[in-house]
Amino acid sequence: DAGVTQSPTHLIKTRGQQVTLRCSPKSGHDTVSWYQQALGQGPQFIFQYYEEEERQRGNFPDRFSGHQFPNYSSELNVNALLLGDSALYLCASSGRTGGAAGYTFGSGTRLTVV
Amino acid sequence: AQSVTQPDIHITVSEGASLELRCNYSYGATPYLFWYVQSPGQGLQLLLKYFSGDTLVQGIKGFEAEFKRSQSSFNLRKPSVHWSDAAEYFCAVAPMDSSYKLIFGSGTRLLVRP
Chain A
1 DAGVTQSPTH
11 LIKTRGQQVT
21 LRCSPKSGHD
31 TVSWYQQALG
41 QGPQFIFQYY
51 EEEERQRGNF
61 PDRFSGHQFP
71 NYSSELNVNA
81 LLLGDSALYL
91 CASSGRTGGA
101 AGYTFGSGTR
111 LTVV
Chain B
1 AQSVTQPDIH
11 ITVSEGASLE
21 LRCNYSYGAT
31 PYLFWYVQSP
41 GQGLQLLLKY
51 FSGDTLVQGI
61 KGFEAEFKRS
71 QSSFNLRKPS
81 VHWSDAAEYF
91 CAVAPMDSSY
101 KLIFGSGTRL
111 LVRP
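If you read the protein sequences in the order shown, they are chains A and B. Heads up: the first sequence is residues 1 to 114, going by the working numbering. Heads up: the second sequence is residues 1 to 114, going by the working numbering.
By construction, these hints were calculated from the structure, which means they are not laboratory data. All C-beta atoms, glycine included, are put in the ideal place defined by N, C-alpha and C.
Listing some non-contacts, in silico: residues in chain B with all C-beta distances to chain A over 12 Å:
1) Ile11
2) Thr12
3) Ser18
4) Arg22
5) Gly28
6) Gly53
7) Thr55
8) Ile60
9) Gly62
10) Phe67
11) Ser70
12) Arg77
Under 7 Å between C-beta atoms, here's a sample of chain B residues computed to sit facing chain A:
13) Gly43
14) Phe90
15) Ala94
16) Ser99
17) Lys101
18) Phe104
Sequences and hints are given; from them, build the entire structure.
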């Protein structure tokens, strides 16, 4: 039974570019949450998707957007990349209630903006 | 504002010694409380969680945590540390009125001396 799968594991982008990160939830989970973890910091909540809609959003600019597909997988898009967007991006899936108590985290995508 | 404080950035202990990692939270009501561990380049693994009831919570890998309402604390303990416990540890809360997301502390890095 696969857990949460994120791709790619690493990528390097140039300032101003756009990036798409992908997440496949754990089998049986239908809710996906995204977190940004800057170096030396704890993860910060970006947003959560359920039933293909953004259910809740953290304090991130509109450059950060997402999508959820009918198979519950999700994408995180970041436009106009800044150096400060360099971070580990974590995806967490959970069951119907979306509660953090049921989170399973992926191993993350390391994004470096140069 | 809701916040989680982990006052120790680094802690070094000898293998076999006991361990206590501190966590304090700031929130109007008792939130759900969590401890996660993160090994280098990896995602987050849940060690234990507290919702209600017995204030001493047992987790995986021999860890336990004690909730103290009067001190708004949720400290993590282990009686005998193993070299494999070296990692980053994060305390997190999920507010009861917004339990979709986790609010993390900035983490404590545990180093284990042979």
